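Number of protein chains: 2
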Amino acid sequence: MTEHSTGAEIERVIQLLARLPGLGPRSARRAVLHLMKNRHTLLEPLAEALHRASEAVRTCSECGNLDTRDPCGICSSTRRRRDVICVVEDVSDLWALERAGAFNGIYHVTGGVLSAIEGITPEDLNIPRLVERAGAAEVSEVILALNATVEGQTTGHYIAEALKDCNVRVTRLAHGVPVGGELEYLDEGTLTAALKARS
Amino acid sequence: MTEHSTGAEIERVIQLLARLPGLGPRSARRAVLHLMKNRHTLLEPLAEALHRASEAVRTCSECGNLDTRDPCGICSSTRRRRDVICVVEDVSDLWALERAGAFNGIYHVTGGVLSAIEGITPEDLNIPRLVERAGAAEVSEVILALNATVEGQTTGHYIAEALKDCNVRVTRLAHGVPVGGELEYLDEGTLTAALKARS
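One line per chain: the protein sequences are A and B, in this order. Counting from 1 along the first sequence, just add 1167 to a position and that's the residue number in this note's numbering. Counting from 1 along the second sequence, just add 1167 to a position and that's the residue number in this note's numbering.
Hints are not guaranteed to be accurate.
[Unchecked claim] In silico lysine to aspartate or glutamate, DMTMM-like type, Cα no more than 25 Å apart, as pairs: (1) A/Lys1204 to B/Glu1355; (2) A/Lys1204 to B/Asp1332; (3) B/Lys1204 to A/Glu1351; (4) B/Lys1204 to A/Glu1285; (5) A/Lys1204 to B/Glu1285; (6) B/Lys1204 to A/Glu1349; (7) A/Lys1204 to B/Asp1260; (8) A/Lys1204 to B/Asp1257; (9) B/Lys1204 to A/Glu1178; (10) B/Lys1204 to A/Asp1291; (11) B/Lys1204 to A/Glu1290; (12) A/Lys1204 to B/Asp1354; (13) B/Lys1204 to A/Glu1229; (14) A/Lys1204 to B/Glu1178.
No lab work stands behind these hints, which were simulated from the structure alone. As the structure is a prediction and not an experimental result, all values here were calculated from the model.
Here chain A stands alone, though its shape is the one from the complex (with noise of 0.2 Å):
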């Protein structure tokens, strides 16, 4: 496309646009189109919306979550249990749990997992703050909730690892058959897993 045909301005917004995850080149030509026809309903608090967060939102110190307060509403929050630490990869998971609202404790993002090849270290993922409040006389717990793959299975390992000095007993989620699966599609390490941990 060349700027005689759309404007320097719409084609930079096309080129952010395509940067997100999900969204290609194409998807973000037709993201544009719909926001310039919907300008005031769209467009306009799309702009303010993002402007505002960019102001607002941060990290939280305590936890490494994303909210506008630090430390953040969950861990500031006095109807969370505080015994609990529950150890994610990504924000990304962090949300996926409270929508489940399954889990009423405090959380620890710990933003990626271990990686020699890409040289992410234990520092890197905040795993010494981790360990010095798993230290703090009220945690009793520290759930692993890190992805089932090789580099979330060896984080996780060396999570443990590190924290056998603190009082801590150190759990992870089960593996089995998902709500809702079909046995028949399920991968064979799944499946011994479920049957294992039948009850």
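Following the hints, complete the assembly by docking chain B onto the known chain A.
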């Protein structure tokens, strides 16, 4: 998701992004996280670019294109032929033709197709203005580049009829086998059209 865990600012961006075509609530959340993690390189520039686009971009009063100028870059270009007007349904079609780079005339964007059910009339599609533009002495051809749908073709017929008294040739895009397309997967209508128009 509760406000507690994400903050109203993030929630607002998710809601707005989820209204873009191609993004649902789930991908909007992923997009927001990606934005937050790339605050300086993506979130702030995007907020700024949207704000600028919303200030600067307008609809061309000549052809209906979107640009920062009115008349738009195409309408005001001295390098484009002014004797051929290409009629398209949507700005996205105009962009697609510009990407193809095969047309060097000017455009007329209808902004939709005639629809009795949705109450879309020739006036809504800016057809009187098209008739006026096509009546100019310099114009010799109007190309109907409307979608090959029933509504697109009906609208094309209506426009051709409306242009009868203008001294212009009304042409249409050819039907045929898409470049790279396999006959086996083409519908009968396209195959029949391609066969009839063989050369």
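task: If any of the earlier hints don't hold here, list their numbers in rising order.
output: 1, 2, 3, 6 and 12
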